[in-house]
Amino acid sequence: MSVSSSATDTELFTSLRGGEASALDELFRRHYVPLCRTAIRLVRDPAAAEDIVQDFFALLWTKRTNLPSDTPAVGPYLRTAVRNRSLNYLRDRKRIPVGDGEVPETAADRSQQPAAVLENEELQQRINAAIDRLPERCRLVFVMSKLEHMSHREIADGLDISVKTVENQMTRAYKFLRQYLSCFLFLISLIHG
Amino acid sequence: MKLDQHDIDRLVTNYREDYTPDVERGLIQLHARLTPVRQLSAPRKKRYPYLLGAAAAVLLIVAAVFLFSGDGRTYLSNDDAPIAMFLLPDGSQVSLQQGSRISYDPDRFNEQDRALNLEGQGYFEVTHDLARPFLVSNGSSVVRVTGTAFNVRADADLLEVEVSEGSVLVKTDQETLPVGAMEFATVATGQPMVHDRAPHLNHHAWRTGVLKFDHTPISEVLTYFTDNWGIVCDWEHGQACDYPVSGNFNSTDATAVLHDIAKLGGLTLRSIGDDAKHFQLSGRCKQ
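Chains as they are written, first to last, in the numbering used here: chain H, 1 to 193; chain B, 1001 to 1287.
Among the hints, erroneous ones may be present.
Computed list of lysine to any residue pairs in SDA-like fashion (alpha-carbon distance at most 25 angstroms, straight line) [said to hold, decoys possible]: (1) H:Lys164 <-> H:Ile96; (2) H:Lys175 <-> B:Asp1009; (3) H:Lys146 <-> B:Leu1003; (4) H:Lys94 <-> B:His1031; (5) H:Lys164 <-> B:Gln1005; (6) H:Lys175 <-> B:Ile1008; (7) H:Lys63 <-> B:Val1023; (8) H:Lys63 <-> B:Asp1007; (9) H:Lys175 <-> B:Gln1005; (10) H:Lys94 <-> B:Asp1113; (11) H:Lys94 <-> B:Glu1111; (12) H:Lys175 <-> B:Ile1028; (13) H:Lys63 <-> B:His1128; (14) H:Lys63 <-> B:Glu1111; (15) H:Lys63 <-> B:Ile1028; (16) H:Lys63 <-> B:His1031; (17) H:Lys63 <-> B:Asp1090; (18) H:Lys175 <-> B:Asn1014; (19) H:Lys94 <-> B:Leu1130; (20) H:Lys175 <-> B:Glu1017; (21) B:Lys1171 <-> H:Arg93; (22) H:Lys63 <-> B:Asp1107; (23) H:Lys94 <-> B:Val1023.
Derived list of chain B stretches under chain H, where covered just means 3 residues or more per stretch with a C-beta under 8 angstroms from a C-beta of chain H [claimed, not checked]: (24) 1128-1142; (25) 1264-1278.
Just so you know, the hints here were simulated from the structure itself, not pulled from any lab data. We put the beta carbon where it would ideally sit given N, CA and C, even for glycine.
Excised from the complex, chain H in its bound form (with noise of 0.2 angstroms):
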């Protein structure tokens, strides 16, 4: 028996805790971009994040009949498990840093400033170089607020540091990224209006 493509997460879920196999793909292919990007923005390695997020799915199978019995919010279920997952990657691999680091300056990236006109997707692309920029623990932190929506409190508990360091990398993570994308700030009125 196959799942239907209308089915919705919650039912795919309920479906899956039945050993469908067939929910456990529909599943995978409505979530499998957007929990890799997840991923991604944690550990930065693309070979790293289809491999926890494959992982993941895998164990979902395997531990399917302890699944939540009732489980409305599929999508932040999946997203918090592969959040933590690759927390646990960084964490296992001491990749998780304990001192600030320095943020770069700005001044000295006079050759990355952009020319008059930018495409769009070379404007993404420096905004990711901006943030990637970042000292790392600040980039998590800054990711994990902004992207990953977790409060200060869950961010610092998910990097075993204080709600005060987490503030505190917040401000330098703005001020960096307010130096560093200023010059876009013509192109930046274009694109949004």
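With chain H held as given, fit chain B onto it using these hints.
Same frame as chain H, now just chain B:
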């Protein structure tokens, strides 16, 4: 105008949204992870169905046999066909040359690692798995990878690897050597490890049917026939002739290619013995 916090928040929402992995490929890899290893260890014999079509110009015959022996290991062997392809429990694929076999412990494979033994020659396309290294051993040396494609020839005293994609680590008790794409390495008992470029991947010829030479000494050319097909070629009266061979040869018939190469050098090739594996070269070669 200056960026405020809301501008920053709006800009960063698409961070890494340009990353789009291949969903169907990911699903195949997931299915490979879910292949139940223990199900394979059922004590029975069966034909193994995973024989795939290949771009190789070599005729494929379904003759691979999937066996479980009394020692608890699973053996995949190719007794009859020129090439037999197998899908391993982790989703990796191996092409075995005739007369070759691999074995692994079905209770441990794909748990902490993916360790197997090879006797003969095989081409491996290994699925990426950072957590479980893929290990090919001949009992004394090991090729270690996390995901790539490479050819291995192994017996008790020799392990030779030629890499077509990615890189591998060749490990012995004494040393560890990284071997990159288009390179090969050989470990032979009592001899130093050999590591060199392999721009033409001639050790893959048993599978691809393609040999490429560019001013390659005939002595080296003949080693490829030995390594790929077990063809041994001697010189009449032990008088070796050394001349360079150039050209691309694409054929399923290794003996015919050897005849062509002999002719190009002004030599005569004749079969000695009746196993179509032993030949003798004679005549005055063109220097």
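Comparing the hints with the structure gives:
1. H:Lys164 <-> H:Ile96: Holds: Lys164 of chain H and Ile96 of chain H sit about 17 angstroms apart, inside 25 angstroms.
2. H:Lys175 <-> B:Asp1009: Status holds; Cα separation ~13 angstroms.
3. H:Lys146 <-> B:Leu1003: holds, 16 angstroms
4. H:Lys94 <-> B:His1031: violated, 30 angstroms
5. H:Lys164 <-> B:Gln1005: Cα-Cα ~19 angstroms, so holds.
6. H:Lys175 <-> B:Ile1008: Holds, because 10 angstroms separates the two Cα atoms, which is no more than 25 angstroms.
7. H:Lys63 <-> B:Val1023: holds, 22 angstroms
8. H:Lys63 <-> B:Asp1007: Violated - the C-alpha atoms of Asp1007 of chain B and Lys63 of chain H are around 43 angstroms apart, more than 25 angstroms.
9. H:Lys175 <-> B:Gln1005: This hinted pair holds, its Cα atoms lying about 9 angstroms apart.
10. H:Lys94 <-> B:Asp1113: Holds: Lys94 of chain H and Asp1113 of chain B sit about 21 angstroms apart, inside 25 angstroms.
11. H:Lys94 <-> B:Glu1111: holds, 23 angstroms
12. H:Lys175 <-> B:Ile1028: violated, 44 angstroms
13. H:Lys63 <-> B:His1128: holds, 23 angstroms
14. H:Lys63 <-> B:Glu1111: Holds, at about 17 angstroms.
15. H:Lys63 <-> B:Ile1028: holds, 20 angstroms
16. H:Lys63 <-> B:His1031: holds, 15 angstroms
17. H:Lys63 <-> B:Asp1090: holds, 19 angstroms
18. H:Lys175 <-> B:Asn1014: Satisfied, since the Cα-Cα distance of roughly 19 angstroms is no more than 25 angstroms.
19. H:Lys94 <-> B:Leu1130: This hinted pair holds, its Cα atoms lying about 16 angstroms apart.
20. H:Lys175 <-> B:Glu1017: holds, 23 angstroms
21. B:Lys1171 <-> H:Arg93: Holds, at roughly 23 angstroms.
22. H:Lys63 <-> B:Asp1107: holds, 19 angstroms
23. H:Lys94 <-> B:Val1023: It is violated: about 29 angstroms lies between the C-alpha atoms, which goes past 25 angstroms.
24. 1128-1142: holds (count 4)
25. 1264-1278: violated (count 0)
Violated hints for the displayed structure, listed by number in ascending order: 4, 8, 12, 23 and 25.
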